[in-house]
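> Taking the hints into account, I'd like the entire structure generated from these sequences.
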Amino acid sequence: MFNKRNILITGGSGSWGNELTKQLLNRYNPEKIIIYSRSELPQVEMERRFKANPKLKFIIGDIRDLNGLNETMTDVDYVFHLAALKHVPICENNPWESIATNIIGTENVIRAAIKSKVKLVIDVSTDKACAPINLYGTCKSSGEKLIIHANKRGNGTKFVCIRAGNVMGTRGSVIPFFKELIKSGEDIPITDFNMTRYFMTLEEAIGLLFKAVKHCYGGEIFVMKMPACKIVDLAEVMIKELNSKSKLKEIGIRPGEKLHEFLISEYEAKNTLIFDDTYYVILPQLNVNNLIEKYKNFEKFKVDKYSSNDKLMSKEEIKKKLKDGHFI
Numbered sequence: 163m164f165n166k167r168n169i170l171i172t173g174g175s176g177s178w179g180n181e182l183t184k185q186l187l188n189r190y191n192p193e194k195i196i197i198y199s200r201s202e203l204p205q206v207e208m209e210r211r212f213k214a215n216p217k218l219k220f221i222i223g224d225i226r227d228l229n230g231l232n233e234t235m236t237d238v239d240y241v242f243h244l245a246a247l248k249h250v251p252i253c254e255n256n257p258w259e260s261i262a263t264n265i266i267g268t269e270n271v272i273r274a275a276i277k278s279k280v281k282l283v284i285d286v287s288t289d290k291a292c293a294p295i296n297l298y299g300t301c302k303s304s305g306e307k308l309i310i311h312a313n314k315r316g317n318g319t320k321f322v323c324i325r326a327g328n329v330m331g332t333r334g335s336v337i338p339f340f341k342e343l344i345k346s347g348e349d350i351p352i353t354d355f356n357m358t359r360y361f362m363t364l365e366e367a368i369g370l371l372f373k374a375v376k377h378c379y380g381g382e383i384f385v386m387k388m389p390a391c392k393i394v395d396l397a398e399v400m401i402k403e404l405n406s407k408s409k410l411k412e413i414g415i416r417p418g419e420k421l422h423e424f425l426i427s428e429y430e431a432k433n434t435l436i437f438d439d440t441y442y443v444i445l446p447q448l449n450v451n452n453l454i455e456k457y458k459n460f461e462k463f464k465v466d467k468y469s470s471n472d473k474l475m476s477k478e479e480i481k482k483k484l485k486d487g488h489f490i
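In this text, residue positions in the sequence shown follow our numbering: the first is 163, and each later residue adds one.
Hints in this document: simulated from the structure, not taken from any laboratory.
From the three backbone atoms N, C-alpha and C, an ideal C-beta is built for every residue, glycine too.
There may be inaccurate statements among the hints.
[To be verified] In silico DSBU-like cross-links for lysine-lysine, where the CA-CA straight-line distance does not exceed 35 Å:
#1 Lys462 x Lys483
#2 Lys184 x Lys473
#3 Lys307 x Lys432
#4 Lys194 x Lys320
#5 Lys341 x Lys473
#6 Lys411 x Lys345
#7 Lys409 x Lys320
#8 Lys402 x Lys387
#9 Lys279 x Lys376
#10 Lys213 x Lys281
#11 Lys219 x Lys166
#12 Lys281 x Lys432
#13 Lys184 x Lys483
#14 Lys402 x Lys481
#15 Lys217 x Lys345
#16 Lys467 x Lys485
#17 Lys279 x Lys307
#18 Lys376 x Lys432
#19 Lys387 x Lys467
#20 Lys307 x Lys373
#21 Lys432 x Lys411
[Stated by the list, open to error] Derived Cβ-Cβ restraints for the label pairs, each shown as a range:
#22 Asn356 x Arg189: 37 to 45 Å
#23 Ile436 x Ile252: 33 to 41 Å
#24 Asn449 x Gly369: 27 to 35 Å
#25 Gly487 x Leu410: 15 to 23 Å
#26 Arg189 x Asn232: 26 to 34 Å
#27 Asn191 x Glu412: 46 to 54 Å
#28 Lys166 x Lys345: 44 to 52 Å
#29 Lys464 x Ser201: 38 to 46 Å
#30 Ala214 x His488: 25 to 33 Å
Dropping the structure here:
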């Protein structure tokens, strides 16, 4: 699939990009992997981590810069679009920055891919794009629509989305944040004791990317069936397993936060199919690539929505997930 191919990863020096690069190198024989991101230090650290692998090329660049993307995307076969401003409070407080990166940046990726005749662009979206209530989710939802519509813009380049929940242990996410507080014996802030979230491992996340690449026609949104838990249960398991005396402190929901997240909204449910035992696929309302005909034999999704509050992991299941990921 990726053997002898040139691959571009926007936002490639982050947690997703590191794991994706590792699996691409371990499982395939790509010609070149281009890591395209804004920050110098993460690129330096990544280059050291991969021992200056000659298949990797590091470029400092911003998806807001269309000219830079046009230059970088020459002769690229596959684009994994990971670059985003992703923290909800930061996007709420810096709305234009979120729009410039998550919407305009995504449009720039689309334009550059079409110009360079890239084979396939895989856009990584988020559960917060589903029935959004905050600016980050609204921007990512807009990005999904741009990606899906790009399949109608000519030249044969395919575009597909994957929609994921929280990835365990990624930079700036809740598990390393809780772990740092627990180790220092500080109280753990919980915005609401009833809050739930989806969780997946990095390995599962990259598996979702590869699934989309292998099976997509262009225009779909692939969604992984993933476990969810109460954030308070996650914190209590970590406190117990790390032998800490930290206490929980309820601080109230922050601007733009949901109590529960959704991966499939009630409006999308009627266009959602069961792809296999681990994935759903959402078809667009637009008539893109004759998808309705291509998926006509797949079973329909029979639930009115897919919420993080539907089926929660027990504390034992949370503990196993954390141990499997070497977080405790």
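> Taken at face value, is the distance from the CA of Lys345 to the CA of Lys217 at most 35 Å?
39 Å, violated
> Between Lys464 and Ser201, does the C-beta distance stay in 38 to 46 Å?
44 Å, holds
> What's the verdict on Lys307 and Lys373, does the C-alpha distance respect the 35 Å limit or exceed it?
20 Å, holds
> Would you check the hint for Lys462 and Lys483, treating anything up to 35 Å between C-alpha atoms as holding?
30 Å, holds
> Under the criterion that the straight-line Cα-Cα distance not exceed 35 Å, is the pair Lys341, Lys473 satisfied?
Roughly 25 Å between the alpha carbons, so the hint for Lys341 and Lys473 holds.
> Are the Cα atoms of Lys307 and Lys432 separated by 35 Å or less?
This hinted pair holds, its Cα atoms lying about 17 Å apart.
> Check the following: the C-beta atoms of Asn449 and Gly369 are separated by a distance inside 27 to 35 Å.
29 Å, holds
> Quickly compare the C-alpha distance for Lys219 and Lys166 to 35 Å and report which way the hint goes.
15 Å, holds
> Check whether the Cα positions of Lys279 and Lys307 lie no farther apart than 35 Å.
20 Å, holds
> Assuming the hint says 25 to 33 Å, is it satisfied by the Cβ distance from Ala214 to His488 or not?
Taking Cβ atoms as reference, Ala214 and His488 lie about 26 Å apart, which means the hint holds.
> Has the hinted range 46 to 54 Å been met by the Cβ atoms of Asn191 and Glu412?
Distance hint for Asn191, Glu412 holds at roughly 51 Å.
> Is 26 to 34 Å right for how far apart the beta carbons of Arg189 and Asn232 are?
Given a distance of about 30 Å, which is inside 26 to 34 Å, the answer is holds.
Violated hints for the displayed structure, listed by number in ascending order: 7, 15 and 21.
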